[in-house]
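Residue numbers (the working numbering), protein chains in the order written: chain A, 4 to 183; chain B, 7 to 486.
Simulated from the structure, these hints should not be mistaken for laboratory data.
All figures in this text were calculated on a predicted structure; none of them were measured in a lab.
For glycine and all other residues, C-beta sits at the position ideal for the given N, C-alpha and C.
One thing to keep in mind: the hints can contain errors.
[Stated by the list, open to error] Pair ranges (Cβ atoms, derived):
#1 B:Trp227 x A:Cys45: 40 to 48 Å
#2 A:Val169 x B:Phe408: 15 to 23 Å
#3 A:Trp158 x B:Gly183: 34 to 42 Å
#4 A:Ser171 x B:Phe408: 17 to 25 Å
#5 B:Gly242 x A:Gly32: 52 to 60 Å
[Said to hold, decoys possible] Below 30 Å or equal to it, Euclidean Cα-Cα: the simulated DSS-like pairs (lysine-lysine) are:
#6 B:Lys392 x B:Lys413
#7 B:Lys406 x B:Lys392
#8 B:Lys406 x A:Lys165
#9 B:Lys441 x A:Lys177
#10 B:Lys413 x A:Lys165
#11 B:Lys145 x A:Lys165
#12 B:Lys413 x B:Lys385
#13 A:Lys177 x B:Lys145
#14 B:Lys441 x A:Lys165
#15 B:Lys406 x B:Lys441
#16 A:Lys165 x B:Lys385
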Amino acid sequence: MTQEPSDAAAPAPPPHPVPDDPVLAGLAGEFPAVAFTIFAPCPGPAQDIAHVPADDYPVFVAAVRRAGYDVFVDLCGVDYLQRRPRFEVVVTLLSHAMRRRLRIRVGVAGADPVVASITDLFPGANFYERETFDLFGIRFLGHPDLTRILLPDDWEGHPLRKDYSVGSVPVQFKGAHQAS
Amino acid sequence: MSDTPNVVTGDLEAPSVAAPPETGSLSAAPDTADARRRLHDVWVAGTEEPERVYRATDEGAQELLPEIQEPALATQRGVLVSDDYVTEDTADEDERQIINMGPQHPSTHGVLRLQLELEGETIRRVKPIIGYLHTGMEKTAETLTWLQGPTNVTRMDYLSPFHNELAFSLAVEQLLGVEIPPRAQAIRVLMTELNRVASHLLFLATQGMDIGAVSMMIYGWREREVCLQFFEKVTGLRMNHNYIRPGGVAADLPDGWEDDIEALLEVIPAGVAEYQELLDENPIFIDRTQGVGVITPEECKAFGVTGPTARASGVDWDLRKVFPYSGIERYEFDVPLGRYGDVLDRYKVRVREVHESLRIVRQALETMPSGDYRTDDRKVTPPPRKRIDESMEALIHHFKIFTEGFKVPDGEAYQAVESPRGELGVYIVSTGGAKPWRVHVRGPSFAHVQALPVMMTDSLVADVIATLASTDPVLGDVDR
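Turn these sequences into a full structure, and let the hints steer you where they fit.
This is the structure we're talking about:
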């Protein structure tokens with residue numbers, strides 16, 4: 004059966020479930036495209052996770068910082084290789100006042116890995132974004148000094164990508180004839 | 007050759023091997039740069055082509071930022087640095103010079119290079135250059151099984167190996183969902199707190215040595231040796247133990263460990279009292295440390311500075327209290343805080359933390375539960391040797407664990423522990439296999455090295471070493 008026209012006029016349900024926490028619920032209202040999940044392991048603390056589209060990312064981080072998550076903890080990249088988008092930038096923020104962490108996961112396309120920099124919000128992200136650029140080749144737009152940090156400047160490739168071989172030490176005399 | 011444009015192209019035409027002077031040029035006045043260079047047959051500063059000077063000193067990522075870009079970062083901090091000696095900026099731009107401290111300077115605690123722009127004795131800009139110890143350990147971690155993982159992470163922050171192993175193991179246990187028996191948890195607390203004591207004793211030794219109290223180095227290492235001997239007795243190794251593993255610990259505590267701990271609890275407070283006698287009221291020590299290398303609580307938060315360095319600034323944040331792990335909430339201890347955030351406060355906070363950690367060790371000694379030292383989940387823990395002879399299932403489990411390794415369910419987990427330096431976080435991604443898909447280690451030293459410019463800018467060059475030592479960086483943790 005087709006739906007009644009009155010149903011179609013009703014406001015669409017939010018695309019993602021609204022989190023219980025009032026701060027996160029406020030952020031969810033402000034950013035409908037952001038999905039909030041909670042990872043609650045059996046031993047260990049529950050972890051709030053926000054899946055953020057790349058377009059919303061810098062604005063969302065600014066809103067999160069205003070909401071009280073004012074401590075920069077971590078930023079790293081992950082290469083999922085088969086998944087689309089291929090890369091993910093994972094930011095961990097902390098609120099001392101609320102005693103909560105928030106993990107922000109941003110998908111980054113594999114073809115042209117570019118995402119906005121958050122160094123203007125958290126200067127501590129500077130080295131972490133350089134490391135992610137160095138090891139994954141993800142470029143951070145607006146970063147003041149996006150250069151390699153751990154590897155030499157003339158290094159080719161980005162080693163933590165999954166299509167970058169770990170390499171091996173050549174085995175000597177491998178092709179030698181066996182003594183009979 | 008004659009139609010080649012007159013440009014210097016790299017090392018082929020090094021000034022020291024310049025062509026022999028033409029006839030008569032020596033007698034002529036050395037008015038041109040070229041002639042002057044030939045006259046001295048050495049590279050005279052200021053006579054090089056501007057372009058060449060730039061290329062010779064510029065190493066890309068190892069270049070100081072143009073100054074116009076640095077104040078932008080400073081204003082983003084949202085706070086003004088008020089702790090600095092020199093506030094007027096009257097000196098000429100030409101009076102500045104760039105010098106390198108490191109990478110093999112003895113007080114850089116490894117191989118760290120600091121590029122300092124000096125104006126007289128005042129540091130105007132600092133750029134930490136890292137990566138000299140980078141060995142791709144996060145890439146290596148993707149080729150090791152979950153059981154082999156601790157062998158890798160334990161080598162990152164080599165002064166607090168137990169904390170690395172603990173963070174990794176707790177993150178894996180989050181995804182596995184295994185419960186750790188109480189005795190294993192207590193052993194983990196005992197070993198990590200003793201590790202904190204050992205690490206802080208090394209800090210006291212090197213901090214004293216770096217600012218001239220060389221006898222401190224011998225004293226600090228003397229007491230640390232007691233801890234390392236206990237570690238060796240328990241784990242078989244002095245460092246890089248691979249003792250804390252997913253599912254528990256590798257072996258039970260040896261017979262007579264209580265006596266060792268009792269002896270240790272006697273020796274170390276006496277030793278620390280000796281250091282305090284040496285340093286606490288020493289006017290030279292206080293002059294070198296008071297008001298030096300200040301970082302404010304706001305700057306700590308913006309730069310991810312954690313641990314004793316942040317607590318010395320008055321940031322009341324200890325992960326053992328806020329997000330307790332491994333049953334540490336059952337132990338009684340205080341979190342010492344500083345007030346001024348200078349080098350002296352960082353020293354005092356760490357001295358107090360040694361005593362607090364010893365309090366935890368004493369409680370662990372008195373309340374050590376009996377029971378198993380690892381989980382009895384046979385998918386994670388290898389079966390006892392005796393069972394392998396009796397049970398086919400035990401044999402299969404043993405074989406699977408040591409050939410393929412156990413599998414960890416799909417998911418992502420972040421676990422942070424309070425290491426002696428600050429928040430040590432491990433972010434692991436599993437895709438359900440026997441090896442991790444991604445292991446990222448958030449080392450506290452990485453954030454601290456990044457924050458060094460905040461502490462050092464506009465202070466004096468002699469304070470660089472005191473400030474650097476006070477953040478207690480471990481370069482193995484920075485570069486991984």
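Hint by hint, here is what the structure shows:
| no. | hint | result |
| --- | --- | --- |
| 1 | B:Trp227 x A:Cys45: 40 to 48 Å | holds, 42 Å |
| 2 | A:Val169 x B:Phe408: 15 to 23 Å | holds, 22 Å |
| 3 | A:Trp158 x B:Gly183: 34 to 42 Å | holds, 39 Å |
| 4 | A:Ser171 x B:Phe408: 17 to 25 Å | holds, 23 Å |
| 5 | B:Gly242 x A:Gly32: 52 to 60 Å | holds, 56 Å |
| 6 | B:Lys392 x B:Lys413 | holds, 24 Å |
| 7 | B:Lys406 x B:Lys392 | holds, 17 Å |
| 8 | B:Lys406 x A:Lys165 | holds, 26 Å |
| 9 | B:Lys441 x A:Lys177 | holds, 28 Å |
| 10 | B:Lys413 x A:Lys165 | holds, 20 Å |
| 11 | B:Lys145 x A:Lys165 | holds, 9 Å |
| 12 | B:Lys413 x B:Lys385 | holds, 8 Å |
| 13 | A:Lys177 x B:Lys145 | holds, 26 Å |
| 14 | B:Lys441 x A:Lys165 | holds, 14 Å |
| 15 | B:Lys406 x B:Lys441 | holds, 13 Å |
| 16 | A:Lys165 x B:Lys385 | holds, 28 Å |
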